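Novice: If you want the building blocks of each chain, they are given just below.
Protein chains: 2
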Amino acid sequence: MASRRTFHLESGPPPSSIIIENVAPQVDAGRYPAKREAGETLVVTADIFKDGHDKIAADLLIRRCGAKAWTRSPMVFVDNDRWSGSTVLGEPGAYEFTIEAVPDRWRTWLIDTTKKADAGLDIALELRDAELILRGAEERSAGETHIARALTRFGQFERDEQHDLLVLLSSEPLGDAMRIWADRTSVATLNAPLPLWVDRIAARYAAWYELFPRSSGTKPGESATFQDVIAQLPRIADMGFDVLYFTPIHPIGHTKRKGKNNSVTALPGDPGVPYAIGNESGGHDAIEPSLGTVQDFERLVAAARAYGLEIALDLAIQASPDHPWASEHPEWFTIRADGSIQFAENPPKKYEDIYPINFQNPDWQGLWHEIRRIVLVWVERGVRTFRVDNPHTKPTAFWEWLIDEVHQVDPGVIFLSEAFTRPKVMKSLAKAGFAQSYTYFTWRTGKAELTEYFTELTQTDVADYMRGNLFPNTHDINPFHLQTGGRAAFKARHVLASTLSSVYGIYSGFELAEATPVTGKEEYLNSEKYEFKVWDWDRPGNITTDIARINRIRRAHPALQEYANLRFFWAESDDIIVYGKSTPDHSDNILIAVNLNPHAVRESRIWFDPAAFGFAADQPLAAHELITDQMWRWQGGDQWIRLDPILESAHIIQLSPV
Amino acid sequence: MASRRTFHLESGPPPSSIIIENVAPQVDAGRYPAKREAGETLVVTADIFKDGHDKIAADLLIRRCGAKAWTRSPMVFVDNDRWSGSTVLGEPGAYEFTIEAVPDRWRTWLIDTTKKADAGLDIALELRDAELILRGAEERSAGETHIARALTRFGQFERDEQHDLLVLLSSEPLGDAMRIWADRTSVATLNAPLPLWVDRIAARYAAWYELFPRSSGTKPGESATFQDVIAQLPRIADMGFDVLYFTPIHPIGHTKRKGKNNSVTALPGDPGVPYAIGNESGGHDAIEPSLGTVQDFERLVAAARAYGLEIALDLAIQASPDHPWASEHPEWFTIRADGSIQFAENPPKKYEDIYPINFQNPDWQGLWHEIRRIVLVWVERGVRTFRVDNPHTKPTAFWEWLIDEVHQVDPGVIFLSEAFTRPKVMKSLAKAGFAQSYTYFTWRTGKAELTEYFTELTQTDVADYMRGNLFPNTHDINPFHLQTGGRAAFKARHVLASTLSSVYGIYSGFELAEATPVTGKEEYLNSEKYEFKVWDWDRPGNITTDIARINRIRRAHPALQEYANLRFFWAESDDIIVYGKSTPDHSDNILIAVNLNPHAVRESRIWFDPAAFGFAADQPLAAHELITDQMWRWQGGDQWIRLDPILESAHIIQLSPV
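Order-wise, the sequence lines are chains A and B. At the far end of the first sequence sits residue 1080, using our numbering, and the numbering has no gaps. At the far end of the second sequence sits residue 1080, using our numbering, and the numbering has no gaps.
One chain only, chain A, in its complex shape (with noise of 0.2 Å):
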């Protein structure tokens, strides 16, 4: 029964009289870090409250995980018993916070003492309770200046000195001396700290371009290299992206290799799915050697740097058959009754070109240690995020104790899952660690869907674990309202993407708005993950300058930068979005509009709230269509916009006042 508070009077100070309840942000109680990112302000609110009618001081304590002293904040009453204590927060890493409260003796006689004197009671035996409390207080601190100097003044007072002493105790330097030095005997605190995580600002804040490393080259049928995407580099940063992810560069399987648009023969030269790793080469921590070398690749991480651009690795951990494990390791695997490892499968299909790894078998601590050690050596080789395959088909616990075992020699790396699939899943490894998740995003396309996905991601408790990393589209997902939508489409949803969320990206290809399907699906004909592909990126119709444009406003935009900062407002017409983002101090305050219907004109009544903004109801505003550079005087958030999707599907208006 360790969960239910037993009481035993033992000798010793009484339990404390305050209860400190509903604390804020918590995750399952404890049991998971919220997550915060560096620099940010974290805001913890309680309820605290006692019996009776005295006042309480409240205390917010923060420290980083293992460090001994707590860095100490004065809380503030809010209202409704409510309470909130701010910090700012230093560098990633693990940190943990308690709250102290005690009973404000000092502050509740000042207060009911002051309501006699008013009322013109005699308070001669109230200073003399006051000199008591102050004595107290006098010892504890072994002699604090005010304290001491108040002191001093007690002597022989007459009636009518009464009122000079009350005007001496209510000064405020006292009044401080006395809520650090009050008695801490029955402080009230939580059973047990509450722990966060602080990530580096790019887990919250970050545009992602994918790339398949191998195609992107100017030969034909052949192998791009680590030197082909070196020379991509402009490109994408001109774009504006921070983060250049790479499907897996490792050795692929020979044994069932999938051909061309996912035969289940390969013919010769078909480079086969970067997914089936390992072979003859090595297995996870080997490079496809097609690709170059670990120098070639360490080459590269420095040439992205150089463009503001890191490098994030795929993180699949599954095995061909020919993968150096299936040899060493077939213990890591389910052995079937024949002795044979079994293949994937989602009966009845098979999937003969995968072996999935048992994470439970006899030598999970063996195979755990191998993972650290893999990612470790890509930590190593200057990769600080990885983008984690289908993490939901591996245990969380797995997961839990992967990122912190990572975490503990680099704090600052990233954690993207891409788990597509049911919402308590993907919400679990969120928790776990994950810094980033895959979203529903790439599916929803209505105005209500949209409202009601993002309301919960972002103004829920969910935004202390979980923050959305949006993709219009990935390697797997050619949606079909971009397959039927246009580039009026893909602009919409690339703006969508990048302001709905701080951290978003496209998968290549978007920009030139590629959009070719297998005939009904939501794939891509000729997908590159079973080829070698070559591509013109200046092909007419693409919007890369466009992309570029959104991106370079997200970075002059703090309001954008921030995740949990989203706010849905009114539109008439049900094609018309409209959402808005400011920055805690109102310094920057950015509303966008979205016409989510790529084929027609809308123009609709909208309504935002301008205290959302912290502008008066009425206050004449600058709105500055950061899109297309115009200039208009608004007043009150009651405004009419038009958007033709054949010039711009959306507005982004920062707002200011005039």
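No lab work stands behind these hints: they were computed from the structure. It should be emphasised that the depicted structure is a prediction, and the values quoted were computed from it without experimental measurement. One should not assume that every hint holds.
Any copy, or any two copies together, can satisfy a pair, since identical chains are not distinguished.
What the hints assert, rightly or not - No more than 30 Å apart at the CA atoms, straight line, and that leaves these computed lysine-lysine pairs for DSS-like:
id, residue 1, residue 2
1, 641, 771
2, 641, 955
3, 955, 678
4, 771, 678
5, 682, 537
6, 846, 477
7, 955, 682
We have chain A; now place chain B onto it with these hints.
Specialist: Just chain B, lined up with the frame of chain A:
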């Protein structure tokens, strides 16, 4: 950092791959017990899921605290990773429950293999896999019959016998056996069991009647006796009450005794306020001599029991200056700088007839034990229900300790919290152990505020720990709407109190529609708090038979004996409130409509959801109005009602299939 899980890869089995989250009921993550009642079916729900597509087998486990063995019952999948399990609760006391879940390897195999067989694939190897799984279970079960029998069928089998064997392996008894004997090496369970407190049914379902014993007699200006109270029992029982609650029956202080209508000087013969407890005749364990002796009291308790009434006492932990504690334990009070005991005050107001207790005085253990002793003295004398006066002016930690201590002696003791204070403080007292709480019902009269308040109390997780005991009046509160609403208001408020909650009470005089106020205040003129009174219980305008009728309806209808089954419906008129209650099996269905305006006839279209009572949308219904015994035939939830307060302000309608 106790709250943060860190993994260490020790030898032994891997952590479970199953996650159990979001378990209900739980109060503050198990810090406090959820409350239920004896004989009730406890329903436990949880999110339970794992990586991949394996099936899960989950059990609910429950036991009395202190017992070793768990009672185990299987949980079932509901939807969206939500599971549910249930168990019937036994006798009152402390229980704990937990959940265990393991991968259901057998069912996973069965489903996958059936799909393969259905697709015409060869399943020879799958059947050999099954044999391995069965062998493991056979070993764990030491030869369970169904498992052993299934294994004997494995021998040589031909391609065309696969189907027969699969049919055999699909048998339900074998599935059950395989579930019971599943591999539990990596069982998932809660970090700690969750606590549950089971009260006797009277904690949820009872009708209370409050009385000043000294005013239950017939001689003006004189104290009535317990014998006079016995004479009242038939009248009170006839009205259908279950609990007879007395204001304090202890000796009353002389010092600064209050006179009639709260005057600061008592005249000779003024009996004083029963809450100024203690004089030379004794304190909280003594009885005011003019009421009778301990033996008289015990006779009264027995006589009440014969009428189906239980006696509830008032626990007001404060002292008059003449209380024995003041001389024997001055250290239990707050001592001022001049050595005097601090009297009660709300600056600048003084209450010099009362000394508040200091629950955190240096001898706090001595004080706490003394109060425990006093409560148990009354339990010994047959009292099992206590109405606690102003619990919010004493530390919640004290109540949590006291109630737990008393429950260790008798888990059937019920404490009602009279905390008319801020919502979070009221809730924290309920969490700490009070079975029932006074509520803001006393002042809530509008439809919107009633709907909002009782939706929160009964339809959110507040209902897991707090039960509102609804009083339309108390000896301290003569609400304005009763002062002006006349008989119709009393009848309407009685129906609301007795049907919005399963537990409610009235302060005597309510049945006489007594509402004479101290002008401009919500107080009774000539309040019996300050004087002896003699009542004419048959005086004209009384609503005694109305009260009796409603209480008979409550007794006949289990739906009205449940607390958390309240559901509000729509009515066009803002003066008409409509709500319903139904038993879990829908065997008893009650629809209530009240005209909240005591001064005007109201007609209104109303709408209720037939599905809330288990009816089809257009099912013909017998609508039996229970107050006036009328019968209507209804079809569908769209109806029309008319309520004339001169006749009846309310309908209580039993709905049944025709």
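Novice: Now look at each hint and say whether the structure bears it out.
Specialist: We went through each hint and held it up to the structure:
In this assembly of identical chains, the alpha carbons of residue 641 and residue 771 never lie at most 30 Å apart, being 35 Å within a copy and 93 Å across copies at closest. In the homo-oligomer, the alpha carbons of residue 641 and residue 955 lie at most 30 Å apart inside one protomer (8 Å), although the nearest pairing across protomers, at 106 Å, exceeds that limit. In this assembly of identical chains, residue 955 and residue 678 lie within 30 Å of each other by CA distance solely inside one copy; the values are 22 Å within and 98 Å between copies. For the identical chains of this complex, residue 771 and residue 678 are intra-copy neighbours only, at 14 Å inside a copy versus 89 Å across copies, given an alpha-carbon limit of 30 Å.
Taking CA atoms no more than 30 Å apart as the test, residue 682 paired with residue 537 passes between copies only; the shortest distance there is 28 Å, against 86 Å inside one copy. In this assembly of identical chains, the alpha carbons of residue 846 and residue 477 lie at most 30 Å apart only when taken from different copies (16 Å versus 42 Å within one copy). For the homomeric pair residue 955 and residue 682, the shortest alpha-carbon distance inside one copy (11 Å) is at most 30 Å, but the shortest distance between copies (98 Å) is not.
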